Every structure is written in C-alpha cells, then in structure tokens.
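Peer 1: Under mature numbering (1 follows the signal peptide of the UniProt record, and there is no 0), the letters of the sequence shown match residues -18 to -1, 1 to 320, in that order.
Do not rely on the hints blindly, as some may be mistaken.
[Claimed, not checked] With a straight-line Cα cutoff of 30 Å, these simulated DSBU-like cross-link-like pairs (lysine-lysine) come out: (1) Lys220 - Lys205; (2) Lys57 - Lys113; (3) Lys306 - Lys57.
Just so you know, the hints here were simulated from the structure itself, not pulled from any lab data.
Given the structure is predicted, the values throughout are model-derived calculations rather than measurements.
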Amino acid sequence: MSQSLILALLALLAASNAASVDQVLDQQWRDFTLEHRRIYQNAAEERFRLKVFSENRNAIIEHNQRFAAGKVSFKLAINEYADLTSEEFNELMNGFNFNFTQQVTDASWDDVTFFSPEFVSLPSSVDWRSKGAVTPVKNQKQCGSCWAFASTGTLEGLQFRKTGKLVALSEQNLVDCSTNWGNQGCQGGFMTNAFNYIRENGGIDTEVSYPYKGINDKCKYNKAAIGATVTGFRILPKGDENKLADAVANIGPISVAINASPRSFQFYSKGVYNEPACDSEKLNHGVTVVGYGREAGKDYWLVKNSWGTSWGDKGYIKMLRNGKNQCGISTIPVYPTL
C-alpha cells in the first residue's frame, strides 16, 4: 500500500471520528436545551452558549476519565448550569457577603461563641435527613440568595429538634425584608444578618404563606403566618472541624459558608469532593451541613445545597472532612438559638 494511500485513509478516519464527536455534541446540546427549556435571544448568543457548553462538557469528560482511573475521588456531570461560564455562574448563584469583625461587633447579645459539650463521644456518622429534620432540597434559581437558604436550613432543623414539627420557612421573606439588617436580597447577604432580622422582627413566615420567587420584591411579612422565631445565634471557632462535628451531632444542621467557585463544584455529581485548588478564605456561598460520615476511605461532610435536585447528588454534596478546611467549610459555621 502506498504512503499516499495510507495518509488518505488516516485523514478519512480522522474526519469520520471528528464527525462522530460533533454528532454526539450536537445531540447532547439538543437534549440540554430541550430538558432545561433554553431559548436564546439570537443565533449569536446560541453559538456562544454552545461554545461554553462544549468547553464545560470537555472538562467534565477529562475529569471523569481521571475519576475512572482512581486519580480523583468525585465525579462530575452535565447539569442545568452547563451553558454558563464559571464567572457567570458565580455571579448569579453565589451571594455570600460577610465581614466577621463587624458581624460580631453588631451582635446585640453577649454570648455568640459555641461551647461544645465535654467528654461526649461523637457518633461515627450523622444524617439529620433520616431523623426528619431536613426539608426537601430547594432551588434559589438565578438569585444570589444562598445565605437565606442556609439560614432557613439550620433554623428548620433546630426547630424540628425543639418541637418535633418540620416546617419549611420562607427564604423570600428574608430576601425581601432584611435589607435594613445588612442583607442585599439577590445580591447577597449573610446568615447572622438573617438571624438578627428574625429575632428583632419577631419571627419568619412559613414558606407556604410567603413562597419563593427568586427576585427582589417588596416586603410582605405577615406576623399571623410566623413559622419560627430565634433568640440569637452562635458562631463556631474558625477552622475547627472537630467543633463543627460536635455541633452537627449535638445541635443539628449547621449553616456554613464555602468557596463554591471551582468549575468542579459547579458540576459535582457524586463522591467525596476534594478540590486542592479550592481556597478556604474566598468564601462566596452559603449552605447547610446536615450530617457527616465516611465513604471509600474518606471522611466527609454531608451538605445540603440550594441549587435544586438536578445539581450534585440529588441536591447534596459530600465534602472532604478533616482535610484542612476544604473550601473553607469550617471557617465561619453559625446556627440560631431558639
């Protein structure tokens, strides 16, 4: 066989493989836009979104090859955010804003520091979902209100422990009504501001009475529809994962702030999330720790997110525990007192 014929056959094979890859990408893109009801303004925007989707898809494929080879401990998957760049995603979804010194200074009660019980052995695993203390996963939509969901997540759990009744609370109430307490609705906020508001306001409405819209709206708080009240809050020691485990085991679900910037977090699917590139000081997202355990030889925190059930492991993520404060998960844990 001549060299020219061999080269021609190789070129034909390469072209065939490229066409096959393009067909797979085109089908996945069509499936994505149909499933998530994407309608773009014009052809130029759709071309850009397809480019972003393709880049995210390729990164996911490359990561999952490393997962299959046992080189990383978690898997990624295409989800409803696959047509967003990391920058767009972080701007839309991560609305955590916090100044630690100012928050503690502004506290209107003295004891804001958590003291763990002494000489109490902790269980090897905790999952507050199995005890009925966790509401279904919610979806903040394209609104930076993660702080509100982290606030209600811990309050719902702690109130369940106190009353035996699980009541879904209104994040929209916090988005609309806590601006004077330092929050900025869909533009960000922090959990202690939310707890300050609830305390001074005399309560927070139920989700049923004040449903979530995912936009900044006028305050419609109704004191006749209160679902919970608080007396204050407690802040756990910075960076102490043992204290966080104490609180999760003995208090209940705990709200925390994390760095959710890495693309790997955007597309997490399953496994124990261990991202070396995740800076523990650049916190931008509020979530709720609802348990902890061990899987495949790695300790993890069981974390409830607010990006819907199509994200992650049905809305949850297992984050590395006892791993040098993965993504800042133990930097500023906080919970309300009832």
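Peer 1: Each hint: holds or not?
Peer 2: Going down the list of hints, with the structure as the test:
Proposed proximity of Lys220 and Lys205 is contradicted: the alpha carbons are some 35 Å apart, above 30 Å. Of the supplied pair hints, the one linking Lys57 and Lys113 holds, its CA atoms being roughly 28 Å apart against a limit of 30 Å. Taking the CA atoms of Lys306 and Lys57, the gap is about 21 Å. The hint holds against a cut of 30 Å.
Figure legend: structure checked against the earlier numbered hints; the only hint not met is number 1.
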